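Undergrad: With the hints as your guide, set chain B onto chain A.
Chains as they are written, first to last, in our numbering: chain A, 1 to 524; chain B, 1 to 524.
Be aware that one or more of the hints could be misleading.
Chain copies aren't distinguished; within one or between two, either way the pair holds.
[Said to hold, decoys possible] For lysine-lysine, the following BS3-like pairs were computed, each having C-alpha atoms within a straight-line distance of at most 25 angstroms:
#: 1; residue 1: 280; residue 2: 291
#: 2; residue 1: 467; residue 2: 44
#: 3; residue 1: 454; residue 2: 44
Just so you know, the hints here were simulated from the structure itself, not pulled from any lab data. Keep in mind it's a predicted model, so treat the numbers as computed, not measured.
Number of protein chains: 2
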Amino acid sequence: MNDVTEKTMNGAESLVRTLVASGVEVCFTNPGTSEMHFVAALDKIEGMHCVLCLHETVTTGAADGYYRMMGKPASTLLHLGPGLANAMANLHNLKRARSGVVNIVGEHATYHLQHDALLTSDIPAIAKTMSHWVKTSTLQTNVAMDCVEAISAASQPPGQVATLILPADVAWSEAAGPAAAKPAAAFAQVPEASIEAAAKAFKAESRVLIMLGTRALREEPLLQAGKIAAKTGAILSAEVANGRLQRGAGRVAIERMPYPISGALETTRGVTHVILVGAKAPVAVFAYPGKPSLLYPPEAEIITLAAPGDDAQDALERLAERIGASKSTPLLNSRQRPDMPTGALTPAKIGAILCNLLPDQAIVADESITTGRGFFKDTHGAAPHDWLSLTGGSIGEGLPLAVGAAIACPDRKVVSLQADGAGMFSLQAIWTIAREQLDVTICIWANRAYAILKGELVGVGVENAGKRAQSMLSLDDPPLDWVKLAAGMGVDGVRVTSAEAFAEVFGDAVRRKGPFLIELDLSS
Amino acid sequence: MNDVTEKTMNGAESLVRTLVASGVEVCFTNPGTSEMHFVAALDKIEGMHCVLCLHETVTTGAADGYYRMMGKPASTLLHLGPGLANAMANLHNLKRARSGVVNIVGEHATYHLQHDALLTSDIPAIAKTMSHWVKTSTLQTNVAMDCVEAISAASQPPGQVATLILPADVAWSEAAGPAAAKPAAAFAQVPEASIEAAAKAFKAESRVLIMLGTRALREEPLLQAGKIAAKTGAILSAEVANGRLQRGAGRVAIERMPYPISGALETTRGVTHVILVGAKAPVAVFAYPGKPSLLYPPEAEIITLAAPGDDAQDALERLAERIGASKSTPLLNSRQRPDMPTGALTPAKIGAILCNLLPDQAIVADESITTGRGFFKDTHGAAPHDWLSLTGGSIGEGLPLAVGAAIACPDRKVVSLQADGAGMFSLQAIWTIAREQLDVTICIWANRAYAILKGELVGVGVENAGKRAQSMLSLDDPPLDWVKLAAGMGVDGVRVTSAEAFAEVFGDAVRRKGPFLIELDLSS
Numbered sequence: 001m002n003d004v005t006e007k008t009m010n011g012a013e014s015l016v017r018t019l020v021a022s023g024v025e026v027c028f029t030n031p032g033t034s035e036m037h038f039v040a041a042l043d044k045i046e047g048m049h050c051v052l053c054l055h056e057t058v059t060t061g062a063a064d065g066y067y068r069m070m071g072k073p074a075s076t077l078l079h080l081g082p083g084l085a086n087a088m089a090n091l092h093n094l095k096r097a098r099s100g101v102v103n104i105v106g107e108h109a110t111y112h113l114q115h116d117a118l119l120t121s122d123i124p125a126i127a128k129t130m131s132h133w134v135k136t137s138t139l140q141t142n143v144a145m146d147c148v149e150a151i152s153a154a155s156q157p158p159g160q161v162a163t164l165i166l167p168a169d170v171a172w173s174e175a176a177g178p179a180a181a182k183p184a185a186a187f188a189q190v191p192e193a194s195i196e197a198a199a200k201a202f203k204a205e206s207r208v209l210i211m212l213g214t215r216a217l218r219e220e221p222l223l224q225a226g227k228i229a230a231k232t233g234a235i236l237s238a239e240v241a242n243g244r245l246q247r248g249a250g251r252v253a254i255e256r257m258p259y260p261i262s263g264a265l266e267t268t269r270g271v272t273h274v275i276l277v278g279a280k281a282p283v284a285v286f287a288y289p290g291k292p293s294l295l296y297p298p299e300a301e302i303i304t305l306a307a308p309g310d311d312a313q314d315a316l317e318r319l320a321e322r323i324g325a326s327k328s329t330p331l332l333n334s335r336q337r338p339d340m341p342t343g344a345l346t347p348a349k350i351g352a353i354l355c356n357l358l359p360d361q362a363i364v365a366d367e368s369i370t371t372g373r374g375f376f377k378d379t380h381g382a383a384p385h386d387w388l389s390l391t392g393g394s395i396g397e398g399l400p401l402a403v404g405a406a407i408a409c410p411d412r413k414v415v416s417l418q419a420d421g422a423g424m425f426s427l428q429a430i431w432t433i434a435r436e437q438l439d440v441t442i443c444i445w446a447n448r449a450y451a452i453l454k455g456e457l458v459g460v461g462v463e464n465a466g467k468r469a470q471s472m473l474s475l476d477d478p479p480l481d482w483v484k485l486a487a488g489m490g491v492d493g494v495r496v497t498s499a500e501a502f503a504e505v506f507g508d509a510v511r512r513k514g515p516f517l518i519e520l521d522l523s524s
Numbered sequence: 001m002n003d004v005t006e007k008t009m010n011g012a013e014s015l016v017r018t019l020v021a022s023g024v025e026v027c028f029t030n031p032g033t034s035e036m037h038f039v040a041a042l043d044k045i046e047g048m049h050c051v052l053c054l055h056e057t058v059t060t061g062a063a064d065g066y067y068r069m070m071g072k073p074a075s076t077l078l079h080l081g082p083g084l085a086n087a088m089a090n091l092h093n094l095k096r097a098r099s100g101v102v103n104i105v106g107e108h109a110t111y112h113l114q115h116d117a118l119l120t121s122d123i124p125a126i127a128k129t130m131s132h133w134v135k136t137s138t139l140q141t142n143v144a145m146d147c148v149e150a151i152s153a154a155s156q157p158p159g160q161v162a163t164l165i166l167p168a169d170v171a172w173s174e175a176a177g178p179a180a181a182k183p184a185a186a187f188a189q190v191p192e193a194s195i196e197a198a199a200k201a202f203k204a205e206s207r208v209l210i211m212l213g214t215r216a217l218r219e220e221p222l223l224q225a226g227k228i229a230a231k232t233g234a235i236l237s238a239e240v241a242n243g244r245l246q247r248g249a250g251r252v253a254i255e256r257m258p259y260p261i262s263g264a265l266e267t268t269r270g271v272t273h274v275i276l277v278g279a280k281a282p283v284a285v286f287a288y289p290g291k292p293s294l295l296y297p298p299e300a301e302i303i304t305l306a307a308p309g310d311d312a313q314d315a316l317e318r319l320a321e322r323i324g325a326s327k328s329t330p331l332l333n334s335r336q337r338p339d340m341p342t343g344a345l346t347p348a349k350i351g352a353i354l355c356n357l358l359p360d361q362a363i364v365a366d367e368s369i370t371t372g373r374g375f376f377k378d379t380h381g382a383a384p385h386d387w388l389s390l391t392g393g394s395i396g397e398g399l400p401l402a403v404g405a406a407i408a409c410p411d412r413k414v415v416s417l418q419a420d421g422a423g424m425f426s427l428q429a430i431w432t433i434a435r436e437q438l439d440v441t442i443c444i445w446a447n448r449a450y451a452i453l454k455g456e457l458v459g460v461g462v463e464n465a466g467k468r469a470q471s472m473l474s475l476d477d478p479p480l481d482w483v484k485l486a487a488g489m490g491v492d493g494v495r496v497t498s499a500e501a502f503a504e505v506f507g508d509a510v511r512r513k514g515p516f517l518i519e520l521d522l523s524s
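Extracted from the complex, chain A is given alone in its bound form (with noise of 0.2 angstroms):
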């Protein structure tokens, strides 16, 4: 078939070959009936590579994680409606990520839509729910024009989520050839007015806050924004979530705005100036009776250095220079050898474990929650490293992140830091983490509950929670074995108790390649 289709090629294929030409090279998907001719399309086209998921809701969170990695959009394949809605909570993530995808839904036939059957559901008003971007491509002559079009979306700095419609009709109808690729629009530069505004703040009687998200997290602008810091004493901090920080030893110091509210106003306490590089002004993740909703003082003065799809680096390094930091020396964290600990499992230990084993440019899909708190503080020391957080707050996107950095960087090992109940929002990427070989080390830290509603019971001001409220946060009747659950997708795995037994499970798990599981019981 093979030697036929130059001349004649359909919507499906003029998609797929647009998406390459333009370098979008993964797809994730899980496929339906209206998708059948894009999937047919792999056959006859190089150069895609299409990861199969059993749940949509691994799609869009591996997406993301790719985003993360590569700054390129990856594209995904949902089915119709439910796929979509399916792929929607790791949506949010990656829009709060500010990463990019190329989200592709199939669609009935145009000339089917008007039929009602079982599978329709208004697409278009789900898919503007979470996306920058949103176009039915109705044409199979304007579908490889379309696809451009969503690929410069979603390549709009940061990233934003476009996402293209695709009716049957449209990938199964005669179509023009592909379209050419354009220039992704680069992170734009600041005007002089930002870096003289952020200037002024630093005034003898200031107290600075820098708040660092997006690409301001990455190793060059970190070291530029530790120069200001050792210059002028302002206190930096990373957004409480963020998409990527790059951290370990030789790099600069930062510590994540805390989560509970007491710490974040610790933090923020006298400020009189927040700079803002690619990040919001720190707000709480939830409101809480009597708790103030900003986190910082109100009367501060809110300056924006750069916006997230701004170059933070350039404007970073610009202000150094402005202020005279440029040869100040950045705090940078050492590298940390602890002792390894033995005996009962706590997040300190943890913590000192991975200080040590963490290997040299891991890549870590941090979905640790509750336990994580406790251990982030305690590898600043470990090896560089790239961090992946849970951005948006909607639990289920750790192990496809996983999934995504795995395939966007093959030649890293990417350790998966994973709470227990979170897990089970998409423990079905463990299937693709099997069936693709990734080279993922998966920790599920179990303490069989859903520990942080537990403190958030209390902080929203529940005193004494009685049975039957405590058993709406608790995992453990009947406790979830992970070892079996990542044996039934093809994933070895074991059951450590044990700081020396985590220590020596883990770092034969990061020197050899491929998937393995490790379940650390939290719960005794």
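TA: Chain B alone, transformed into the frame defined by chain A:
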């Protein structure tokens, strides 16, 4: 605490008390921080059975199963926009089943929304895409009345999706007491003109198709339809997918409209009149190149005897009387006891075993997809049972349906007939089945493929699919091990590879109470 709640009551308690007062006694939930006051209210209030689900797709699928069996709505409790998004695929199925649900979605505190905290999304816009009724309860003094309105909307025959959005501060602020229940609206009696119009269809030269859906598929209205068919020679057909069909020995023999277009067109060949009773005129689930969307002769007259919200039994009874069919003898299924098969498992052998062994009054939650097409016809002669099917085509409803049906009818055996590919979309339901110790026997058809798509690929015109396309439809690398997956969530199971082994294990499982899983290896 219980003693002091009568006079001071927050919005969440007012809401829960109102639900219970109106007979909404079950809540399928996966709560988060913004829903903690609702959870806390459960401790103070008797009468609400709160069922924890580890992914929101389980909550709405279970609510659907519950409504199908109880005819009254359950509630859900979902965490913000992402929780709602995760619930939507099964809300789609629930809508298409014409079921009702009081879908409660937590929201940020009203004053917190403006800050665009990381979990913020446009919940009303998301909700509107899958709901008949949406309201944000912005005042704690009105929350009880808003809840009554939601229950009323959910109960509107035949059933609706009512989404009530509950801001956290409304939940935690002092509220008025609960509101009293409103009587639920009844299924409407159809006007005499509808009976007349339908009666006129039966002429010597007509060929009449009676399409039955919603409540028309219960035993009593089916009996009336059977009399009409016996008298007139009309063809009876259930919709291709329907919420609840009462079938088995002693009940009217009825087939579903075939899923393949060719089979459907054969059923409707020469039809001059289509009488709709709680059903739509049949249309293809998908469009295929060169094939029609309508599954009946376009010149046929369509007559609505009863809409889904009308009283189908009354309408059919009056029609039978009007045409003199009240004393006709309908064709009833006789009890069949086919020989018990042996050897390799096939759909026909599975059908024979189910026909013999399905317990009297079993509830079948059917998401068999490809495998099931082969054995439906073989089970007409089983003991009387209820058959719940996948109504919206959004796969991943079978196991959640089983949860809801088992909660609704604790004294009846629930049999989940589950395709493996579809099952992976909501396998988390197995944990809830274990947690609640529901009386569910789960049969997994492990063909290790999206087998339906292999046919669809050909159906949409793709011949000679290559390796890459085929690999998108295969689940055999690695194979899923459902016995391990179930064990990981606390349900025992066994794998069988022969008809005699299935018969033995299934027979044992349905005789015992409680959860059990059987994986049928159909891959060879």
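Undergrad: How do residue 454 and residue 44 come out at 25 angstroms by Cα distance, when the copy is not named: within, between, both, or neither?
TA: Between. Shortest inter-copy distance 18 angstroms satisfies the 25 angstroms Cα cut-off; intra-copy 53 angstroms does not.
Undergrad: At most 25 angstroms between C-alpha atoms: does residue 280 with residue 291 qualify within a copy, between copies, both, or neither?
TA: within (20 angstroms within a copy, 53 angstroms between copies)
Undergrad: State whether the alpha carbon distance between residue 467 and residue 44 is at most 25 angstroms within one copy, between copies, both, or neither.
TA: between (59 angstroms within a copy, 10 angstroms between copies)
Hint compliance for this structure: every hint is met.
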